Structure formats: C-alpha cells, structure tokens
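When you get a sec, could you build the whole thing from the sequences and use the hints?
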Amino acid sequence: MNRWWLWAVGGVGVVILGMAGWKTFFSPDPGAALIVVVITGALLLISPFLLPHLEALMISADGFELRLVRQMARHGAPETARLLNNTELAEIAEAYGVIHTQLVGGTFYTVRKQVQDHLVTRAAAFASQRTFNPDEIKALFPTASGPVRVLLLGLMQGDPRLVDAATLTEAITVPVTANEQYQALVLAETNLRRFTEAERATLLAAVASADLGNDDSDRRKIVDRIKAAE
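The sequence shown begins at 9 in this note's numbering and counts up one residue at a time.
These are calculated hints, taken from the structure and not from any lab test. Just so you know, these numbers come straight off a predicted model, no measurement behind them. Check the hints yourself; a few may be wrong.
Unchecked claim - Simulated DEER-style distance windows between Cβ atoms:
hint, residue 1, residue 2, range
1, T115, N94, 33 to 43 angstroms
2, N94, R228, 34 to 44 angstroms
3, Y117, R233, 17 to 27 angstroms
4, T151, E99, 14 to 24 angstroms
5, R138, N222, 35 to 45 angstroms
6, N94, D143, 21 to 31 angstroms
7, Y117, D143, 27 to 37 angstroms
8, D232, R202, 27 to 37 angstroms
9, G114, V182, 19 to 29 angstroms
10, N93, R169, 20 to 30 angstroms
11, R78, K229, 34 to 44 angstroms
12, A216, R78, 18 to 28 angstroms
13, Q137, G221, 30 to 40 angstroms
Idealized CB from N, CA, C, for every residue including glycine.
Below, the structure written as structure tokens:
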C-alpha cells in the first residue's frame, strides 16, 4: 500500500513541532494550548511509524483510545478506571506513552517533559474534584506502565489521601522515567511528616540512595532539601 501520504503528515508534524519549540523558547510557561500543539505535532511526526500499528489496534475488540482504562480495570482498579473513563486524562496518558516511546533522546526532552507536566497538572486538578480509592491507587502502581504511574502520581498531588510511602519509595528507587522520579521526590518532600517513623526511615533511605544519573538540577535540589530537613 502506498504510504506517501503518511510521510506528508509526518512533515506537517515537523513544522508544528518547530513552531512549538520556537514559542517555548520565548515563553517559559507555554500553557495548555501550546501543550495541545506539541502533542499534535509529535503524533503527526511519528505517524508514518505509528499509524500502520494503530490501524490494527483500532480493528481489535473495543478500540485503542480506551485501552489504558481497561488495563486499570483488569489490574484491580475498577473504580479508578470508571472515574477516568471519558476524561482527557486517559487520552493524554496514552499520547504521552506514544511520545515517550517514539520521541527518544535529548532532542525531544522538552516535548516529553511538557506533555508529562501537563498530564500531572490535569490529574492533580481532577483528583481535587473527585474521590479516588487509595487502596486501588496503591495496588495499581507496581504493575502500571510508565504513563499510568505518572498519572497516579499526579492524582496524589491533587489528593493527599492517595499518597503512599511504599509507592513513593518504589517510584524513587526504580522509576520508569526520570520525570516519574522527580514527581515522586516532590511528593516525598511535601508529605514526609505525614508518614510513620518506619515509613519515613524507609523513604529517606530511598532518597539518600536514589540514582539521579547525570542530573544535577531539579531532582538533586529536592534530594538536598530533604536531607537537610532530616
């Protein structure tokens, strides 16, 4: 089958991403509208590689767009899945998953970070308006994919009842992404005094031994603040 039109769409994605990057350079706070542009451009850019697989997924049982929600329900979080169904959060998380997988390397770091930060912000706002089951969030996290883990950490930022020391310890010790570790460190610093003495000791040990790679900025600053506050 002739796929020239896919490459044409990908070219449009390159242009859109270029425009978004130029706007971001002059605006440190891009806002939701620019995030949408970034997501659109990124998805168009990778469409020559993604769409052949996406077509097959859409033919299957119930469709691609709700796959993430169904996975949550199957992994023991039916209430969480019900609350997230028909919201933009699942769609943003799916988009982030595709972008994180396809747009690798330092060149696309800004794109990945913008989409993830938007996901966390929207999840926090949603959690402040809905009541999630803390037990489901705790049970879902260990087996969740990278995008879902970020989504769950965002929910925790909006509802402190969902914050769990064991979950934060795992996200800091064995994160799927560096940004996941960053979000967990933010939650650890904010909620450290809420935990029991044993939970706090375990979490502090995880913070002290966290593998930050070559990062010497945001994550390192949070780690230093947590250590100084002990």
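### Query
Checking against the hints above, which ones are violated?
Failing hints, ascending: 8, 12.
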